[in-house]
Structures are given as C-alpha cells and as structure tokens.
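Asker: Below are the chains, spelled out letter by letter.
There are 2 protein chains.
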Amino acid sequence: MSKNFSYSTLHSFAKNIFLKIGCNKKDATIAANSLLIADLRGVDSHGVARLSGYVRLWEAKRINATPHIKIIHETPSTGVVDGDAGLGLVVAPFAMQVAIDKAKKVGTGWVSVQNSNHFGIAGSHAMMALQHDMIGIAMTNASALVAPTFSMERLLGTNPIAVAIPSGNKQPFVADFATTTAANGKLEMLQRENKKAPNGWVQTKTGEPSTDANELKKGGALLPLGGDKEHGSHKGYALGSIVDIFSAVLSGANYGPWVPPFPAYVPMPQNMPGKGIGHFFGAMCIDAFRPKEEFKLNMDHWIKTFSFSKTIAGKNKVIIPGEPEREFETERMKNGILLLESVVEDLKNVGKKFGVGL
Amino acid sequence: MSKNFSYSTLHSFAKNIFLKIGCNKKDATIAANSLLIADLRGVDSHGVARLSGYVRLWEAKRINATPHIKIIHETPSTGVVDGDAGLGLVVAPFAMQVAIDKAKKVGTGWVSVQNSNHFGIAGSHAMMALQHDMIGIAMTNASALVAPTFSMERLLGTNPIAVAIPSGNKQPFVADFATTTAANGKLEMLQRENKKAPNGWVQTKTGEPSTDANELKKGGALLPLGGDKEHGSHKGYALGSIVDIFSAVLSGANYGPWVPPFPAYVPMPQNMPGKGIGHFFGAMCIDAFRPKEEFKLNMDHWIKTFSFSKTIAGKNKVIIPGEPEREFETERMKNGILLLESVVEDLKNVGKKFGVGL
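Residue numbers (this note's numbering), protein chains in the order written: chain A, 2 to 359; chain B, 2 to 359.
Misleading hints may appear alongside valid ones.
Copies of the same chain are indistinguishable here, so a pair counts whether it falls within one copy or spans any two.
Quick list of in silico lysine to aspartate or glutamate cross-link-like pairs, DMTMM-like style, CA-CA up to 25 Å [unchecked claim]:
#  : residue 1 : residue 2
1  : LYS297    : ASP229
2  : LYS318    : GLU209
3  : LYS318    : GLU216
4  : LYS230    : GLU330
5  : LYS206    : ASP45
6  : LYS27     : GLU324
7  : LYS230    : GLU209
8  : LYS230    : ASP347
9  : LYS196    : GLU294
10 : LYS187    : ASP229
Derived from the structure by calculation, the hints contain no laboratory data. The structure presented is a predicted model; accordingly, all values stated were derived computationally and were not measured.
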C-alpha cells in the first residue's frame, strides 16, 4: 500500500513542520529542500520518511532549531564551520556555500564542519557546485554501524562520499555512495521482504559472515565496501576512515564510535571527544585548472564513451553515476512521489502534533 | 629462488641506469627514490621490477629523460603541470611539491598533471605532505584494464588513490589502494602459483564472471572494487571514474581507454584526446583547519581506538592503513630487499646494456 503526493505538497508540509519546531522561514525552506531532493531522486530512506526522526531529535534537545552557524577558523581556501547543533539539512548548504565562495576567490574551497546533525543525502550538497561550473564534494560521518576489516566492533558509520562534476550537453556526473557494500536502507528492504542478504553485506556479533538481514538488530555489523579482505574490504574500511577523519578529526566533531545516533531513543555515547556530527565539503572551480569549455567537451566525450560501451548480455547500458537518480527526479516531479502507507501514517502523526495537515 | 640486496645497492643501481638514459643527477636521484620506496614498502610490483619497463619506454621514445616540467596554469590554490613526457617518478614529486607550496600560502593546494608517465606508487607522493604537517593526496589514471559495471569493455585503469594523514606519537595513517577488487600484481602472483582467482576479481571477454587468473590475457577485464552490482561494484566504478576525471579531464591528459600503456610493445591507442597519463595531487595544511597539536591528539586517539578494538577469532589486530607497509620498510631497510631470480636477471640485462653492474 502506498500513496502519491506532489513535490509541492510534501515540500510545504515539511517546511511547515520545520517552522513549527522554531526554524526561521529561510532555514525551514532550506531544510525542506534538502529533505525533498532525496525523495525526488529516489533515495526514499533519506527523505520525508526521516522527518519525524528530526522532530524527535529536536524534542530530545539534540537539535537546535535556531542555531547561530558560524565560521570559527579560516584561511583563503579553507574553513571550519560550527553548526551550533543545527539541522544538518541547513548546516550543510551553509558550509558548502562557504566552500563555493572560497573557490571563486582562490580556485578551491574546503570546509570541515563540527557540531552538526544528519545532513540528508550527500549528493544534494555536492550538486550546489554545478551551477557555478565547479566540482562539488560532500561527505559526512554517521553513527557507527560498520566493522573495520578483522574487527568485531562497530566503529564507522556508512560514511558516504558524493562527487558532482559538471558537463556540457550531457547530464552531469553525480556519484553519491555509502562506503559500505550496501547502505542500511537496502538491508531494511530485505527485512520487509523477509529475504536473505547477499554474502559480504553483514557479519554477526562475533564477526562471522552472515546472510541474515536482521543481523544489525542482533549486535552484528555492516561491512565495508569489498565485504571481506579477499574482496578488498580493507579498501572500503580505508575510505570510510578517510571520510571520518576529514569530517570529524579535522573539524573537532565526534569520530569513530562516538558519532551521535540518529534515533533519539538511543543514548548518546559516553566520553565524546568532539562536538556533534562532522561533515566535509569541497568546491573546485573548473576554470582554476583549464578553460571550462575544453573541460566540458572532454567530459561529454568521457560520458559518451562510457555510456555507449558494449554491455554484457542482458544489460541495456552502462550507467553513468547520477543517471538513475535524475530519471527518478524527472518522473517524480511530473507524476508525484509515492510514499509507503507506514510513512504516510508517520507524517500524519507528526502533523497532528503541530496542527499541520498533509 | 630469490636474492637479497641492500637498499643502497639497488638505489645506486637504479640511479645509474636513470643517469645512463640521460636524466640529470637530481632527476635520477628522485626517480630512484620513487622507485625504491615501493620495494622498501613491500609493493614489489612497482619497484625495481619495473626498471626495465621504464627503459623500454625511453627506447620507444615514449619517455623524455630531459623534460622541461612546468606549471601551465595556476590560481592561488590550484595548478596544472605539464610533465613534458618525463618519468612519472620525477613529474609526480614536482607536482606534489607545487601542491605543498600552495598549501603553505593559502591552506590547500591542488594540482592536476598532464603529459606524464607511470609514477610508481601513489603513497610515496602523498606522504611528501606529512613532514609539513599536511594531509597528502595522490591519484593517477592508468591504461585500461577494468570494465565498468555492466560493460564488456576495458575502460578504466586500476586508478589508485593514496591519502596520507599526519598523527602525533602514533605512526601516520597512509591508505594507498587500487580502485579495483584486487590489483593486477595480485593476479600475477596467482598465475605464477597456478591458482584460481576468487570470485569478483575478473570477468571474461564477454563479461561472464570468472575465476581464471589468466583472464586478462584472454581479453577479459579486472573488476571495480565490489566485484558485481550486488556487492557494490558501481561504487568502485564511480571511484575509478573520479580518479580518471580528476587526473585527466581536469588536466588535459588522456582518459578512459586512451591512457597510454606501460608495456612499450603495446601500440599506443588511436585518436588520443589528451597528452600522456594524468595524475592529481592535493595537500591540506592541518593548521588551516585547527591547531595541529589538537588534531594530532585526536588522530592518535582515533588510531588507538581502531587498533585496540576487539578482533574476530583468529585475527591478531585491526590494521591501520599503512601499517604493513611500514613494517616492511623497517625490516627491509635493515635486512635488505629480496628480489625474485627473474627480476635479478632482468636488472642484470638492463645493466649490461649500459655497462652498469649490479
């Protein structure tokens, strides 16, 4: 069972909820933008389905609806932003804009963020760079669900990396992926369907390989991209670690097992070494390297070469990163966004609390 | 059968060969440094075993021993370097130094390189940043051996990424990995031992899964990190693509299937869109984000947390990226570098050609 809503209906609903928790108009709009772009792009796990979770974090006083977000240190090409415990959905676009402004002046800008919260999908922030003919980079750490290679313990989040690269006539290249074999959302889908997980996605509490999609609830862990050592999991572990260090050790946020959890009912970790969740953003002006027209010609050529390469039997085409999400965006902007009945119920309950109808 | 040589014996042998092909003293020393650090760190496939390959590229006039390496475009935080077809072993340290010098002035430096050749191991260039209390990043594209997810064609190289991060009392974090499930060197080891490759390393000429370690010789391809779609190969493919674009589309080097091959007997690709091989380097000054003393305290804490986490049965410890290579370095600097008899023969033949004894 699922129900269809237009982009604008869901956007104004989310915006109204953010206003009700005390966000100013500008922030409520930005937060709704950040959230809705996930639904539009088909990343259902990171869209309005999470709205009630943000509200619960605000109720638990873990999210500050009226933050004073500020740059606490900077050089011509770098900055550190203190998110003042604000919504990551608002802190992230602020920090990405700082990176873009610096890139306009000195070619590139790099911003590490402390004291933030869950920022939605990484790709939406990285894509802010595209309209400026810049490459955009966004990453974030997240609460620990992933065991490094050989470890029994959950020490890393799914720590995604997004890279958005401008093109000419072709659609831009937008990669946005968790540094694990599979994101948690995919595991949850298998749970709903009562299916087994493929090898290399999860391990048990004691570190044994497992195909039980419910393993995380039993104290198990997600596995880094690669799955096991023989298939390169030490590389996925290194990638997740780099995201953690750039986002949190460089900014003074919490890292490793100390990253605050998204569910408000989960207690905060003890002895936290930093402030909030950490993010990292980068913007690189194409013209700071070579004339953007030349770059775009080559980029279109690159995209065509990969798109039109010979596929293996049964596959239509080689997918350029960002292509499936863009197809979702076009389709859902036109035909609406399908939400699961359980998500609709959840939104209605949040709405009732604040007198906002859906 | 293998034979043991001291670091200094192999270093002066390599330096003398580079002098004989026409490098000046400074370049010959730098090239020997870049090459030998691979042998020291246990990456045997990228050390002196490749010396004869570089010589053959010089004989084929694909490597210029007396290049005029120069910055052809720059902004305060960026630069593009033209390697003038020089040894990548020399071009890369030049470009990394440009990145470091820019980071000293404006916080970070980012350099894309065109018209270069094979640069040895990525990690050695990234590590140049460490002595300046900077994070170092190095990547390069390489000739196409890897099929993107769903493709039959080889369109990407093993395109490695290295990230070196300073620490305090602990040894630094140095990740250096190919964006494939396994590097080609590991496949060659299996060939010598007549063993099968694990699932997810290679595919056949028509894109079928294979465990034949000789698949590349039959027109097959290496697979991106993840192996297949179900295990996240689209992420490894995205990573390899990002390396290709940052290294080559941003600089004007060759990308995708047009990257020049390392073996001099392999014909150059037709209709090449750029110049030589491309690299990409970055340097980020820690102090441009937060006081380096604070960063190093947190970094040591991060390393201890991961090192001392509970391991799964049968595993001694969780490995911090760079740890095995550093152990090799200590051991081999003390006890010498063991070379396979075939590599020794190859070096002796190169030596004979130029009247240089080993």
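Asker: For LYS230 and GLU330, with the copy left unspecified, which applies at a CA distance of at most 25 Å: within, between, both, or neither?
Answerer: Close across copies (22 Å), not inside one copy (37 Å); limit 25 Å.
Asker: Indicate which option fits the pair LYS318, GLU209 if close means a Cα-Cα distance not exceeding 25 Å: within, between, both or neither.
Answerer: between (36 Å within a copy, 16 Å between copies)
Asker: What label fits LYS230 with ASP347 when the C-alpha limit is 25 Å: within, between, both, or neither?
Answerer: For LYS230 and ASP347, the Cα distance exceeds 25 Å both inside one copy (40 Å) and across copies (32 Å).
Asker: How would you classify LYS206 and ASP45 at a CA-CA limit of 25 Å: within, between, both, or neither?
Answerer: neither (28 Å within a copy, 37 Å between copies)
Asker: Between the shortest in-copy and the shortest cross-copy C-alpha distance, which are at most 25 Å for LYS230 and GLU209: within, between, both, or neither?
Answerer: both (13 Å within a copy, 23 Å between copies)
Asker: Is it within a copy, between copies, both, or neither that the alpha carbon of LYS27 lies no farther than 25 Å from that of GLU324?
Answerer: neither (30 Å within a copy, 48 Å between copies)
Asker: Which holds for LYS196 with GLU294 at a C-alpha limit of 25 Å: within a copy, between copies, both or neither?
Answerer: neither (49 Å within a copy, 49 Å between copies)
Asker: Measure nothing new, just compare the shortest in-copy and cross-copy C-alpha distances for LYS187 and ASP229 to 25 Å and report within, between, both or neither.
Answerer: both (19 Å within a copy, 16 Å between copies)
Asker: If the cut is 25 Å between Cα atoms, do LYS297 and ASP229 qualify within a copy, between copies, both or neither?
Answerer: Neither: 38 Å inside a chain and 30 Å across chains, both beyond 25 Å.
Asker: 25 Å Cα cut-off: does LYS318 pair with GLU216 within a copy, between copies, both or neither?
Answerer: between (34 Å within a copy, 23 Å between copies)
Figure legend: structure checked against the earlier numbered hints; hints not met, in rising order: 1, 5, 6, 8, 9.
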